[in-house]
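Top to bottom, those sequences are chains E and U. The letter at position 56 of the first sequence is residue 56 when you use full-length UniProt numbering, and the numbering goes up by one with no holes. The letter at position 25 of the second sequence is residue 25 when you use full-length UniProt numbering, and the numbering goes up by one with no holes.
Bear in mind the hints are in silico, worked out from the structure with no lab data behind them. These figures come from a predicted structure and were not determined experimentally. For glycine and all other residues, C-beta sits at the position ideal for the given N, C-alpha and C. Hints may be right or wrong, so weigh each one.
As the list claims (entries may be wrong) - Stretch-level coverage of chain E by chain U, calculated; a stretch enters the list once three of its residues show a Cβ under 8 Å from a Cβ in chain U: (1) 28-40; (2) 81-88; (3) 128-141.
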Amino acid sequence: MSTAPRDWTAHPPYLYAGYKSTTLRGPTKPLIPLKQSLSEMTGPVFGQDCLGPLDHDLTRNGRKNGEPLGERIVVTGRVLDEAGRPVRNTLVEVWQANAAGRYVHKVDQHDAPLDPNFFGGGRCVTDEEGNYRFHSIKPGAYPWGNHHNAWRPNHIHFSLFGPTIATRLVTQMYFPGDPLLPLDPIFLGTPEGARERLISNFAIDVTEPGFALGYVFDIVLRGPAATPMEA
Amino acid sequence: MALKQTPSQTVGPYFAYGLTPTQYGYDLPSIAGPELATEETDGQPIRIVGQVFDGQGQPIGDAMIEIWQADAQGRYAHPADSRNPNATFRGFGRCGTGTDPRNRFVFETVKPGPTGDGSAPHTTVIVFMRGMLTHAYTRLYFSDEAEANAADPVLASVPEDRRDTLIAKREDTAAGVVYRFDIHMQGDRETVFFEV
Ligand SMILES: [Fe+3]
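Next comes chain U alone, as it looks inside the complex (with noise of 0.2 Å):
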């Protein structure tokens, strides 16, 4: 490679105005935010709720969750993918922690579809924070897939006593679908973050 990648940094406490200025309300819009779908989205509506916790197991107030996921028939809105070339469903959300009484990002969009490359649905997810020089990548699982998640290659790769952290976990309440995905920084239940 001729050219050295520029190093990261962390995004600070302060990301809020620039990143999800709509979401805290400063006076300028996202280019992303918490809803990937509305009423006319192609798929099951799903919400993906979840907090994310430091070393003590404390929930973290500065940490911003940003998803990336295909839409309901397993289409990603990218050139890459010349199976979804009239894409309405971007598929991309970005939520601060900081903004809920209980500091969850809640994300409502749909539940993706299988790739079809022979993994299971999943949701790309990628964690920010101020103590965190570089982002970190997980990925989200659905609990109501087991069929599909013992047949994924990627889970698989995980050691299988941790492979619960990257599972969302279905909770049918009476305002829909949702889906309870956690990320624990450190600790006996540390997710699992990948090289990607």
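Chain E extracted, bound-state conformation (with noise of 0.2 Å):
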């Protein structure tokens, strides 16, 4: 079975000025069709053996002698195919800054602080109606050199294989009535209708009395091609 092909007015263009980064480093040329085979049906297959115990518990998986800081956030959602069908014993990735806005990553120098409590990467796999829930810190804003005083808005982000390797997304989930959504570049570049898609919503029924807010956060895949491969 093959694959939809990508929406284009679902996704970003690889140059888009806004976003200074993609000048150099966005193909130029258009891309050229490839009639999937083989090679583009398949993909890895990751189950839970690939998980650790508190991998989707990033408010625990970075402990080193306390609680780390800010607003406890518990993130679900289903992933799910264009048609609708859930996506399952799928791989979902997600890595983020902590509530300060700063990464545990070596290069991001962003003069906040670092919390020795919290790492910021997890991962788990969808269940079989393609339910993924993680727990976690809401990240904080950080500033980046786009351009003078540009914020990147609080975001996760989230890497997805699906299926097969056609199926795979890198995206970032954001959060709602966030004032630096409409001036960032990364989200502005991402065709209008198709952004909102981007911003998870607050639920209080997902929100865990006492302890954590809940934001449900739904991921659709590439789905299934309309008409079958020739054989």
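Hints are included, so try docking the two chains, each in its own frame, into the full complex.
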């Protein structure tokens, strides 16, 4: 079964002047169509066996001597394909800044504190209904060098595989009502009408009483191609 | 289709501790790394080495490369390929370009066999980096497979003067067989990227 094409009304272009780094890094020539073969109708399979016991809980997987600082959150949602079918047993990887907007990454020089009890990376595998679920800390905004006074909105980076390499997706989840969104070239580089799909919803029914605020972020991967491949 | 695809966003500059933690020395085991094969893996051990160049010809130090390939018999470790039900060779690798002094990616793997559909032996390559809002797909073919390459339908679909960007050059070194595969994001030698 082949995979539906990338929907370029959903995905950002390679070259987007507002996001300056694209200028020297985005391919400039048109993509060459490739008829999907077994190479594209397969992809790596990762199951529960690749997970550590705390991989899904970023409030605990980086602890050294106490609790991480910041607002505890639950991030959950379904991974679906375009036909609305759950994408089962698929790996979801996340990474993010801490509550102060600082990444553990050695190259991040933002003058905000590291949290000795927060690592910021995690992963889980979707269940039979396509559900995933993480506990974490709400990431802070951070400045970057794209233009004067540029700040990234609060976000969590997501990486997904889906059933084949054609369904591979790396994206970012944003938070509702973030005043930085209309100023962010990475968000704005995404086609209008599709951007809103990157914003999670606050959900009181996902919120855990006395513990963590709940956000729902559903993710849609490429689905089956409309017409089957010729034999 | 009932639902719309979730847009892609850049992997950004700080993916390493989440996606390639072991390679970069972070305290989290990686789910995949640059070593696909061990001494026990069936097939010809090879090393795939390359740099990723930006539009000014500078090597990029914060790219992440993923590869996906068949085993030495041309079989994929995936349910869609029923020829390999007991796969021990997973065929997936990941390497950031930030740990090598020359910003190279280096994969230790085995040479994939032909998949049996008329295509020449090849490896799928996926490119991610800060400055790319959406990942790019390319393919790596092998320079010592000239006959198979000449018959490959995907290579044939690429303008002749650009095919070379998809061919990894074999080098026989004291340490073994190395295939050199540089990726040029832009410029005269811009790598062919596919609409997969
Ligand atoms: Fe970020």
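Status of the hints after comparison with the structure:
1. 28-40: Since 12 is at least three, the answer is holds.
2. 81-88: holds (count 4)
3. 128-141: violated (count 0)
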